[in-house]
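Peer 1: Take a look at the letters that make up each chain.
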Amino acid sequence: MSNKTTTPALLDPSIVFPAIKDAFIKLDPRQLIRNPVIFVTEVVAAFVSAIFIRDLIAGGNEGVFSGQIAAWLWFTVLFATFAEAVAEGRGRAQAESLKKTKSELVARRLKDGREEKIAATLLKLGDIVIVEAGELIPGDGEVIEGIASVNESAITGESAPVIRESGGDRSAVTGGTQVLSDWIKVKITVQPGSSFVDRMIALIEGAERQKTPNEIALSILLSGLTIVFLIVVVSTWGLAGYSGTLVSATVLAALLVTLIPTTIGGLLSAIGIAGMDRLLRFNVVATSGRAVEAAGDVDTLLLDKTGTITFGNRMASEFLPVPGVDAHELAEAALLASLGDDTPEGRSIVALANGTYGVATPNITPDLVVPFAAETRLSGCDIGTRRLRKGAVDSVRNFTGLTEAECPPAFRQAVDKVARSGGTPLAVASGNKLLGVIHLKDIVKPGIKERFAELRAMGIRTVMVTGDNPVTAAAIASEAGVDDFLAEAKPEDKLAYIREQQRGGRLVAMCGDGTNDAPALAQADVGVAMQTGTQAAREAANMVDLDSSPTKLIEIVEIGKQLLMTRGALTTFSIANDVAKYFAIIPALFVVTYPQLSALNIMALGSPKSAILSAVIFNALIIIALIPLALKGVSYRPAGAATLLRRNLLIYGLGGILLPFAGIKIIDLAVVFLHLV
Amino acid sequence: MTLIGWVQIGFLLALVLASIKPLGLYMAKVFSGEKTVLAPVLGPLETAIYKLSGINRDKEQGWLAYTLAMLAFSVAGFVVLYAIMRLQAYLPVNPQGFGAVPSDLAFNTSASFVTNTNWQNYSGEAVMSNFTQMAGLAVQNFLSAATGMALAIAVTRAFIRSKAETVGNFWVDTTRATLYVLLPLSIIVTIAFIFLGLPQTMDGSVTATTLEGAKQVITLGPVASQEAIKQLGTNGGGFYNANAAHPFENPNAIANYINIFAMLSISAAMVYMFGQMTGNRKQGWVLISAIAVLLIAGIGITYWAETAGNPILTSLGLDPSMGNMEGKEVRFGQAMSTLYTAVTTGLSDGGVNSMIGSYTGIGGLVPMFLIHLGEVLPGGVGSGLYGLIVFAVLSVFVAGLMVGRTPEFLGKKIESREMKFAMLAVLILPLVILAFSAISAMLPAAVAAIGTPGPHGLSEILYAFTSAAGNNGSAMAGLSGNTVWYNTTLGISMLLGRFAYVVPVMAIAGSLAAKQKIPSSKGTFPTDTPLFAGLLIGIILILGGLQFFPSLALGPIVEHFAMMAGQTF
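As you go down the protein sequences, you meet chains A and B in turn.
Heads up, the first sequence stops at 683 in the numbering used here, and the numbers go up one at a time, no gaps.
Heads up, the second sequence stops at 562 in the numbering used here, and the numbers go up one at a time, no gaps.
Isolated chain B (complex conformation) (with noise of 0.2 angstroms):
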């Protein structure tokens, strides 16, 4: 670790940390339904889109109808991006002339970018038409993103509200989202990274003599867009297979600064908005300190385990002077890339500029365990936000009892019909990912599908499930993604991950809007201090990620230590 190397760290949170105020007072407007800055030129917009589908603005929905909404919504989406791929050879803007995608990996990418996962068990360079990227993926990457906003503002007026039967309208709130939230931001980085370099173009390639003078054909495309929305929507699928790691997609360090900077600002400020628009903004700050510690804690460590580098390969006479670079970008260096991994993999991002898998045992174990600890660090845009809201519930249940009343948060009480949901959402993580992990390294079709024998081995079945449950879509390259077993499990774990976690979630929401908002008192439990926002860090670990202990302690945690030991697999 070196100081220049935190100061990159410290001052890219710094920005951060400076956009989640502004940010989340303008989320607060749009979603309270406040006229903004940009109401002059989107309004009208607005208006029309509404129009066009015949959509009453002003038509409130219950948390079930809501919830029906954003499911057939994402079975539209769903079916859409499925025949497109089917379907691409026949489709315009393809000029590759790519076949049609088979349908295990179509039902796969379709689950990974509905569910806003971008688990990509292709090369985008060598499957996917130009069409495919921008009328099918890209969409996707704006409404996931969208779709999982208007959730979490759902979830969030349950607390705002008192005897409420309703709780937002979704198509109103996903509108909104995409209009006021994501395409302007879009724009703004597009611009930003065409100025960087980054391709933006409907040329299909060009066709480079190299230097030995052999002839190389680089894959080009919309790529500066589509790289916008896959950061600013937590999506993290990139146009090329080797994601932000390719020179084309992330060519320097400002670009690269851009990139964390963009996934990390949404959803941090969401949960800003969230301490607004319930009265508390005390409420979000604890909140965003509770995700700090924890997400700076999983850099930290990240950036030490990777710096520290491998003792065996030092003892093969390998410079230990710049640690474990083995899948890291010279251009990125320790700091940035250790800081990409951690902040991909809080979030719900996934996207990456080195490879996970090359990474040390305890710097591959991280990234890991923060998926584990539900992707609400501060996870992804809107699943983040309503992924903290449960365990704030489950934190108060716990310990709120112990000031003598029933638990309350935010003037909400929590009863047995919030925890059955609650606990419903909290089984679907692990349920899913152990379940298939266990199969799978049971299955001999499954396990050989990995890359390297051995503890990695496994550790590669478990990122892969992690990453799918969690809606992460980083990956341990090494594992061969693209087989039927994998394509529909990981496909089913995604889909699970997603809608299995959010209705509970959204029964939680229709629960706490119903009930009386209580004043709060000297007697009532304050989650609004550092003491709540420790007890919440204590929750995160215990019930997000102890449970995962058992299976690290079988993968990254042996090659751990069996790399101490100088041992190889």
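So that you can see chain A by itself, here it is in the shape it has in the complex (with noise of 0.2 angstroms):
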């Protein structure tokens, strides 16, 4: 995947700096409560504060080790939330440029036929405002008098103005966008605060953040194995008891942070907010993070064939003479014909003629140059008495007066070849004589079949939808490798194909961007539509890609997986970390009672108390290590589930069992070296 905006590098002051501030003002309890794991991080850290200063009041030498304690678990819940504030630093940075525009914005409201200026944050909805060239949009809303070019490169990113008008699909405008010519009368289809804009932004920030279905379900897992932990300490006090050993209420607070999935609970915001981000810099935005999920979990595509999968105009691809005529003569001939044909097809032609056959465009000046017009169908040259003429197949034998019958057999024949490939034929004549055909296709563009090939590994249907009958349709779904493909299709059918997808239990994903696409996209699981699109077409997707390039849904399928991917390996990691946090902690905290149990010392640590600070340093700085991962997402290559599945196990299960005894060693070194305990 390629990014399509910058991406700020990882460690940008400009978002660091803030982000170590906001760290300390989420540390609020109230807002922390939102992650259970972390929050019980921030209890134990605040009780292990109180041993600490009682053991200073004691006196001795317990406040060096309670202290050290207290000050990691501290540190644990700061890098949870220095993660978050950093994503959302990354996200908010994003969403700024956005946001400058929106405000200061006035709004000049037409109201009882008056005119007056009030703040575009005041607009209402159902308001209706009039903007000139050079004015921006004060807010998202349909154009409902008069035509207008508007630069929508403010959340586009494309420079090329677009022309919005009143009624059809192209009335939708996005406030902050800016008119350049003309006027136009815009009526407010959304609340002010809760625009296109807002909502993107609201999406990224923390605190009014919904939390996903699938980070729901996740949450409950954590909080699940936080409530074991808790009982599994709580009763260890308990049973060491029984054999007179009295665990001091410090090592059973590190105990317990180092086994409840602090790591994972740390991120979790953090994964989520990097995701959105992702899908940002994709100049894509969500309407609601469970659509993002539902990216990752989509099985079928729908693709529109037009602009898609091909590049949406017919091309020249061969030149078919008839016998007797050279391949040569037959191009030349259509490369002179095509001059007077300004259309992408007749450009096609020329640079078909130039390119594969060789034949440069002759330095004459024709005697009479005809243009190519839709009602005539044909376009030409008259060079002395060569009278040149290309164009649709009933118009040049007109042109040359022949009857279909008196068309020489093989010329019959390659219409018919073009015609059954699923191609457009175009006849070409000289005077009265006919010299062959043009093979014109649907080009399909470079690169999409094995863009397919990978979607179909990762389990993906994709399906081609066009207007095209279904011969042509077919050759060009062959071509291409879609999976299925919907001919002659009308928005009904796109839609009840959706409902018969989703009767099956699958999942849909789908762009579109006219009003009759509506139904479908609120229909598909995930709906994307176009930023060029209409309102209506907008409000029922639940995601806007501002590009308006269809093939970005594979790009947003990709982003779902990605999210859904980091977590998986986070959780994976986080609970297989437990096993070697158990063998330092268990031994020190028994050895003294029990000295035959360090035997299960494996890591030969230092000392019970060297042992068990490694183990709470290992925990939070585990957290800071892994921040670039839960920002960036774990790598992804598209490939079937079993492939993935085996690779990230390997890395992220295995690795999470055998990284911390390494870890919690090396540290361990260092804290006996430096003498902290």
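Only true hints are included.
Straight-line Cα separation of at most 27 angstroms, DSS-like style, residue types lysine-lysine; simulated pairs:
| # | chain 1 | residue 1 | chain 2 | residue 2 |
| --- | --- | --- | --- | --- |
| 1 | A | K423 | A | K451 |
| 2 | B | K52 | B | K156 |
| 3 | A | K217 | B | K413 |
| 4 | A | K451 | B | K515 |
| 5 | B | K515 | A | K638 |
| 6 | B | K275 | B | K28 |
| 7 | B | K52 | B | K28 |
| 8 | B | K22 | B | K156 |
| 9 | B | K275 | B | K14 |
| 10 | A | K638 | A | K27 |
| 11 | B | K275 | B | K156 |
| 12 | A | K455 | B | K515 |
Rather than coming from a laboratory, the hints here were simulated on the basis of the structure.
Given two chains presented individually in distinct reference frames, assemble the corresponding complex, making use of the accompanying hints.
Peer 2: Next up, the structure:
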């Protein structure tokens, strides 16, 4: 995946410093309670701090130990809040530019036929505003009168202006974009504060961020594990009491915090925010986090043929001469006849003759140029006695004066062949002689076939939607390598197809832009509306692509998958970590009562205190160490689930078991070397 | 360890393996409501039972109705059993003329048999009349096992169905489990046992004159039939206090073989049945292989620890060649004793043919740890299967996200509702075991009941609550459990271990049944591969076992290291 916009450096100071401040603000327990694992850690940190103060008052050496444990527990909490703050900071930076455009906008509201100036934020649903050239559109809405060219680069990054006019599919406008020419009357269709840009910002900023379904399920698992370990630690105190061991509260607190899944608990929200942020970097705005997750689950992609799979214009791909005419001659005639054709098709004929057939454009000024027109459906030129024409088969035949039966059989066969393959045949004639046929066809975008193969490997079916007849559709479908196609598709067909897929338990993603796409967009599990689309389409969709690039759907799916994978990888890692932590702390806990248990100290840690401190330090540092991974997401290559699982289980499962053994040992060596305890 | 020992173990496991498929297929038929070979004989009986009790066999229940029916049935069973014990003096078939069972013991025993635990704080031959044994205990041996099977079937159906509101009919499932599975197998095993010399009589006792000329009264009764359902239903409650170490319960090597085979085969076959019914036999085998790896590891470690013996005894001049024979029967030897112990705890059977309390530190740790793992190896009849499914769901959830999709198991999405109930279920075992153990370890009156001071005493307490909450029933004899404290707390542990666990599991079943079944694709997390078996093992060990590491360190692990150092307590 190539990033659309430049990614700020991971440790950009302009993000990191405010994040440090935010990390402290987020310590507020009222806010932290949203994250049960880290909340428990904070409570424990406060508890150990109290013990530290008691130890200080009591004097003696205990304070050295409890003080350090308390400090590292606070660090654990801070690292977690810092991770969230950094993720928010990065997302906010992305949204900031959009936000700027929103502030201090003045709207010219029309009320009772009079115009008044009010702040854009005071606009209400249904207000009508007038916007003239050079002014910014004050809010999301629909053009009800007028036509204007609008610069939407503030949102899309595309500098080419777009036309917005009342009625039809191009009536939606977005607040913050600029009218370049003419004027329009806009009816505000969104309550201020819930507009498009606001929703985007709200999704990134922590306080209003809604947990997504999968995040909630994961939180339940993590909270459950926290309760289990709370039971384990409290009961350990009782069971140790039987043997006459009084385990210190500091040590039990350390045991609890190292066992509960602080790593994933601390990074969970950062992962979610970073996922939204990644989407935003691709210029896609999701209206809910749920949609991003659903994108990872998608089984079927509904892709429009035009613009997504093919370039959208038919292009010349081959010259088919009749017997007695050589290909070079036909190419030259077609080239000359197309000089008067400025349509993409005409240009593609010239390009094909110049390129593949090596016919240079001759330096002749024709006596007469017949430009292409929709009525005549042909173009051409007269050079001396040569009257060259190319165009629709029947138009050209009429020009030659031949009846259908009089056409050479080879010509008719060529026409049939092109039509059967899903292409469009054009005829080329010189005077009353038919020279041959040009094969026009939809050109499949390069690389798209490989892309579909990747999707298939991931278990995702691609379905091409086209208005073409079934023959044409089948030809392109097989060339592009899609799994299925919907030919002569009307918007209702799309809706019906989506419903049928969903009945079978499949999740469907699609993109669309027209008002008539709206029902299907709403029905799809992931509906991506084009920014250039209508307000209705954008309201129905749960994502909006600011670049209006239908191929984006594939990237969206990949971002969704990466988000879920990152969560799973860190959860597995976090849980696997516990094995080593047990082996660090358990012998340290009881070795005073039962010296035999030092046999369990397989890491040969320096002393009970150094072992416990090392485990706590490791537990805190691993959060910081994993922040880059949480923000960037685990590396992702399209592959089947079995392959992904094997790879990730090896890295994060097995790695999660082994790494802490090494990590805790190294920290212990440092702790002993520095005489910290 | 000897080669012949391993051959004995291997041959028995091979027999079980061979029985898995036919038995699994048969049960799949039974619980799909299909006609089986026994239909001509049992069909009319089945119909008569429904008619008599007014059950409409075609009317299915939602998960809640199913669960409530199960609870009502269990409460009724509890009340009847309690009443029989309290009133046995007035009831017939009481040749020894036993009086009423004390209230706390009756509570404990009722809880024990209704929950399929069969923890016995009594000596059967000295407290329970033949009527109580047959009409009370043996009936619950059937019914608690059938209840477990029914619950497992309901959970299985959740994976078969799509957008379903019901999970089956509890009364039908229980009836079919009893009639078509437990009863016929019990009859076969009973006859085999009688043939092997187990008593099957209504006489109270015989009086024998010993070689020294003394008179000895030997209690008799319907031992063979009791024994058959004890193993087939993974109950484990013996007729005699010595359980399967008693020569009348388990007279010889062949009887011992049948014992182990009988307790292992149904639970193992149910896992296969799960695969068969959900349309993925490979899934069944993968689950079985995960179970097999853990169970065989348990068997191997116990066998190794016991044959390695006790260096303290060796230093006192005992011949170390037989290993630690304390508490074991010579007629079984090390291999068949340790196999029995590992299987009885990997299952939630709980019958014993040797005294776990006399095992070495490690030898005693393994059975306890196998119960800690949640009684899923392969666990009690039914209860093992649904416990395993909970672990599979957890495995899928923890690691499933790593393939970039919402986790799903057999086409059912695992979401927050499932996680909530799975965590509630998973919490029960550590909560009950650790909380009661810790309180008992601090309570002087409770500590007074232990048999051996030092870390072994803690092991005894821990084992008792582990066994109760895990609905196992085996004991580290030594703890005098027949006190008001233990009768009550162990009784509560058993009830919570069974019902507080299964209610959330049924809620998961209801939620999954209502979900649409999603077709699998290349993007679906594969759960029928060796990799998943490995993952499942990891999750069972880490989420099931690791929580008990601190408590085990203070008990059996210390015992082991102390023994190696020649230290006693």
